[in-house]
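> The lines below spell out each chain.
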Amino acid sequence: MQLTNRSKVVSNKEMTLMERAYLPAIVKGMGITLSHLFKKKVTIQYPEVKRPIAPVYRGWHVLKRDEQGRENCTACGLCAVACPAEAITMTAAERKPGDENLYREEKYASVYEINMLRCIYCGLCEEACPKEAIFLTDRIVPSDMLRQNFIFGKDKLVEGTTADKRIDVGVRGGAHRKED
Amino acid sequence: MELVLIIKLILVVAVFAIALGIAAYSTYGERKIAAFFQDRLGPNRAGPFGLLQPLADGVKMIMKEEIIPAHADKTLFILGPALAMLTACMTGVVIPWGSTIEIGGAYYPLQITDINIGILYAFAVVSIGVYGVMIGGWASNNKYALLGALRASSQMISYELAMGLSIVALVMTTGELSIGEIVRQQHGWHWNVIYQPLGFLIFIVCAFAECNRTPFDLPECETELVGGYHTEYSSMKLGFYLFAEYINMFISSAIISALYFGGYNFPFMDSLGLSHNMVTTIGVFVFFAKVIFFIFFFMWIRWTLPRFRYDQLMNLGWKKMIPLAIINVLITGCVVLLLNKN
Numbered sequence: 001m002q003l004t005n006r007s008k009v010v011s012n013k014e015m016t017l018m019e020r021a022y023l024p025a026i027v028k029g030m031g032i033t034l035s036h037l038f039k040k041k042v043t044i045q046y047p048e049v050k051r052p053i054a055p056v057y058r059g060w061h062v063l064k065r066d067e068q069g070r071e072n073c074t075a076c077g078l079c080a081v082a083c084p085a086e087a088i089t090m091t092a093a094e095r096k097p098g099d100e101n102l103y104r105e106e107k108y109a110s111v112y113e114i115n116m117l118r119c120i121y122c123g124l125c126e127e128a129c130p131k132e133a134i135f136l137t138d139r140i141v142p143s144d145m146l147r148q149n150f151i152f153g154k155d156k157l158v159e160g161t162t163a164d165k166r167i168d169v170g171v172r173g174g175a176h177r178k179e180d
Numbered sequence: 001m002e003l004v005l006i007i008k009l010i011l012v013v014a015v016f017a018i019a020l021g022i023a024a025y026s027t028y029g030e031r032k033i034a035a036f037f038q039d040r041l042g043p044n045r046a047g048p049f050g051l052l053q054p055l056a057d058g059v060k061m062i063m064k065e066e067i068i069p070a071h072a073d074k075t076l077f078i079l080g081p082a083l084a085m086l087t088a089c090m091t092g093v094v095i096p097w098g099s100t101i102e103i104g105g106a107y108y109p110l111q112i113t114d115i116n117i118g119i120l121y122a123f124a125v126v127s128i129g130v131y132g133v134m135i136g137g138w139a140s141n142n143k144y145a146l147l148g149a150l151r152a153s154s155q156m157i158s159y160e161l162a163m164g165l166s167i168v169a170l171v172m173t174t175g176e177l178s179i180g181e182i183v184r185q186q187h188g189w190h191w192n193v194i195y196q197p198l199g200f201l202i203f204i205v206c207a208f209a210e211c212n213r214t215p216f217d218l219p220e221c222e223t224e225l226v227g228g229y230h231t232e233y234s235s236m237k238l239g240f241y242l243f244a245e246y247i248n249m250f251i252s253s254a255i256i257s258a259l260y261f262g263g264y265n266f267p268f269m270d271s272l273g274l275s276h277n278m279v280t281t282i283g284v285f286v287f288f289a290k291v292i293f294f295i296f297f298f299m300w301i302r303w304t305l306p307r308f309r310y311d312q313l314m315n316l317g318w319k320k321m322i323p324l325a326i327i328n329v330l331i332t333g334c335v336v337l338l339l340n341k342n
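These protein sequence lines map, in sequence, to chains D and W. Using my numbering, the first residue of the first sequence is number 1, and each one after it goes up by one. Using my numbering, the first residue of the second sequence is number 1, and each one after it goes up by one.
Rather than coming from a laboratory, the hints here were simulated on the basis of the structure. The structure displayed is predicted, hence computed values, not measured ones. Beta carbons are placed, not taken as given, at the ideal position from N, Cα and C, and that holds for glycine. Keep in mind that a hint or two might mislead.
Far from chain W, by Cβ distances over 10 Å, these chain D residues were calculated [as the list claims (entries may be wrong)]: (1) 11; (2) 29; (3) 36; (4) 39; (5) 53; (6) 55; (7) 97; (8) 106; (9) 111; (10) 113; (11) 120; (12) 131; (13) 146; (14) 152; (15) 155; (16) 160.
To give an idea of the interface, some chain D residues facing chain W are shown, with a C-beta separation under 7 Å as derived from the structure [what the hints assert, rightly or not]: (17) 33; (18) 42; (19) 43.
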């Protein structure tokens with residue numbers, strides 16, 4: 001069966017004098033490299049220019065707040081159960097009176113940690129979440145020198161309260177809402 | 001007399017500075033050209049277009065920790081890179097960087113010294129350069145370094161023979177051993193490459209081997225020998241080795257342009273109707289343009305050809321280059337004899 005027409009019959013025949021002289025081949029090779037000198041460069045200047053990311057890209061997680069700026073997460077632990085890499089740990093706590101503007105329901109996660117080195121970015125936590133609290137975003141997790149810095153706590157996961165610090169989960173959030 | 005000394009002093013300092021400057025920017029050029037050949041952009045973060053990259057590299061090299069292995073021969077270990085650097089800088093003395101300049105009716109050549117055996121001097125100094133690599137490799141007390149040094153010495157000795165023979169043919173046509181005089185004979189467009197094409201080919205191939213440049217960079221072949229002769233070196237000693245390679249490349253390019261491509265001579269240099277000093281100035285620029293082209297050529301070859309295998313290297317050196325060079329000497333001899341008879 002022939003899959004492509006790129007196959008070439010190879011033979012081990014004696015080289016001609018021209019081939020053995022080596023120089024024509026070198027000149028040909030130099031022509032090829034020289035032509036690359038003027039070709040368009042493929043480099044993307046990363047921090048300034050970013051490659052377009054697919055809308056379904058799964059990166060750095062976000063813990064959402066509702067419209068009034070209260071954390072959605074109730075520390076039910078479904079995400080941790082769903083996580084195949086066992087990257088998520090959390091400690092639940094009861095909401096104190098007066099904290100109603102901070103947490104949406106009576107229970108919240110006082111500690112919520114994702115080990116970004118264990119995480120496989122499958123998005124199962126997002127699917128498991130009944131409160132629309134956790135989403136994966138198009139943000140790329142930055143590199144670091146120390147392993148312990150990859151355990152992201154609430155400081156790096158929960159979005160801000162002000163409008164400019166909100167993190168848009170765009171397509172992914174929309175998809176979930178339709179299912180409801 | 002004193003003016004002569006001052007001019008010579010200026011020349012020495014200028015040649016030294018230019019050699020170091022060009023070598024420093026060759027490292028930048030090398031990386032940039034390598035990148036372009038591979039459809040990349042190359043260093044472009046340090047300064048505009050990455051022009052401060054050599055400076056950053058230099059600072060990095062100096063700041064790094066100096067390590068001398070416990071079982072290394074300390075004296076020789078330090079002597080190695082020093083020798084490599086010294087010999088690399090010494091050859092520039094006999095190269096004519098330009099014609100003469102006229103100051104108050106007297107003519108001063110733009111060459112530090114025009115010794116009558118300039119070619120032999122250049123070859124002698126280049127040969128000493130092998131010791132830098134050899135001593136460095138030996139003193140490291142490391143198998144890879146020793147193998148690299150071994151390869152370097154045998155490669156350089158093998159290719160020096162063919163190089164010497166290609167020069168013999170050149171000396172036969174020009175009848176001169178002084179580089180200054182050889183360049184003067186190539187006035188206008190009478191470049192030696194027209195009379196000695198085969199000799200030039202052999203010379204440039206051997207120059208690649210002498211400079212340890214790809215496809216002959218076996219002494220520092222990363223895939224087999226970790227780092228070759230400079231495996232154990234770090235900090236500025238390593239920097240000296242790498243830098244010496246680039247200075248060698250610059251000097252080789254200068255010698256190739258001087259011997260075969262007319263040095264500072266350019267076509268129609270007499271018919272432009274310019275003053276003597278003006279022609280000399282243009283000549284200097286022309287010479288450096290040629291040199292820079294050959295440095296580019298060195299890099300071009302490096303990013304085109306893969307490395308030879310060691311037996312292929314020796315086969316090429318002994319079974320192809322030397323016979324070719326001898327044939328070239330024979331043909332040149334016959335032609336010179338026939339032309340002189342008529």
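> Determine for every hint whether it applies to the structure shown.
Hint check:
Its beta-carbon lying about 22 Å from the closest one in chain W, residue 11 of chain D satisfies the requirement of being farther than 10 Å from that chain. Non-interface status of residue 29 of chain D relative to chain W is broken: a Cβ of that chain comes within 10 Å, the nearest being about 5 Å off. Its beta-carbon lying about 5 Å from the closest one in chain W, residue 36 of chain D breaks the requirement of being farther than 10 Å from that chain. A beta-carbon of chain W comes within 10 Å of the beta-carbon of residue 39 of chain D; the shortest separation is about 6 Å.
Under the 10 Å C-beta cut-off, the non-interface status given to residue 53 of chain D relative to chain W holds; the minimum distance is some 22 Å. The claim that residue 55 of chain D lies off the interface holds: its Cβ sits roughly 29 Å from the closest Cβ of chain W, which is beyond the 10 Å cut-off. Every beta carbon of chain W lies more than 10 Å from that of residue 97 of chain D, the smallest distance being close to 54 Å; the non-interface claim holds. The claim that residue 106 of chain D is not at the interface with chain W holds, since no C-beta of that chain comes within 10 Å of its own (minimum 52 Å).
For residue 111 of chain D, the condition that its CB be more than 10 Å from all CB atoms of chain W holds, with the nearest at approximately 40 Å. The claim that residue 113 of chain D is not at the interface with chain W holds, since no C-beta of that chain comes within 10 Å of its own (minimum 35 Å). The claim that residue 120 of chain D is not at the interface with chain W holds, since no C-beta of that chain comes within 10 Å of its own (minimum 31 Å). Remark: the non-interface label on residue 131 of chain D is consistent with the geometry, its nearest Cβ contact in chain W lying 44 Å away (cut-off 10 Å).
A cut-off of 10 Å between C-beta atoms confirms that residue 146 of chain D is not in contact with chain W; the least separation is 22 Å. Residue 152 of chain D, annotated as away from the interface, keeps every beta carbon of chain W farther than 10 Å; the closest lies near 29 Å. Annotated as non-interface, residue 155 of chain D keeps its C-beta farther than 10 Å from every C-beta of chain W; the closest such distance is 31 Å. Interface exclusion of residue 160 of chain D from chain W stands, the closest Cβ pair being 31 Å apart, more than 10 Å.
Checking residue 33 of chain D against chain W: minimum C-beta separation of about 5 Å stays under 7 Å; hint holds. At its closest, the beta carbon of residue 42 of chain D sits 5 Å from a beta carbon of chain W; the interface hint therefore holds under the 7 Å criterion. For residue 43 of chain D, the shortest C-beta to C-beta distance to chain W is roughly 4 Å, which falls under 7 Å, so the interface hint holds.
Against the hints set out earlier in the document, violations occur for numbers 2, 3, 4.
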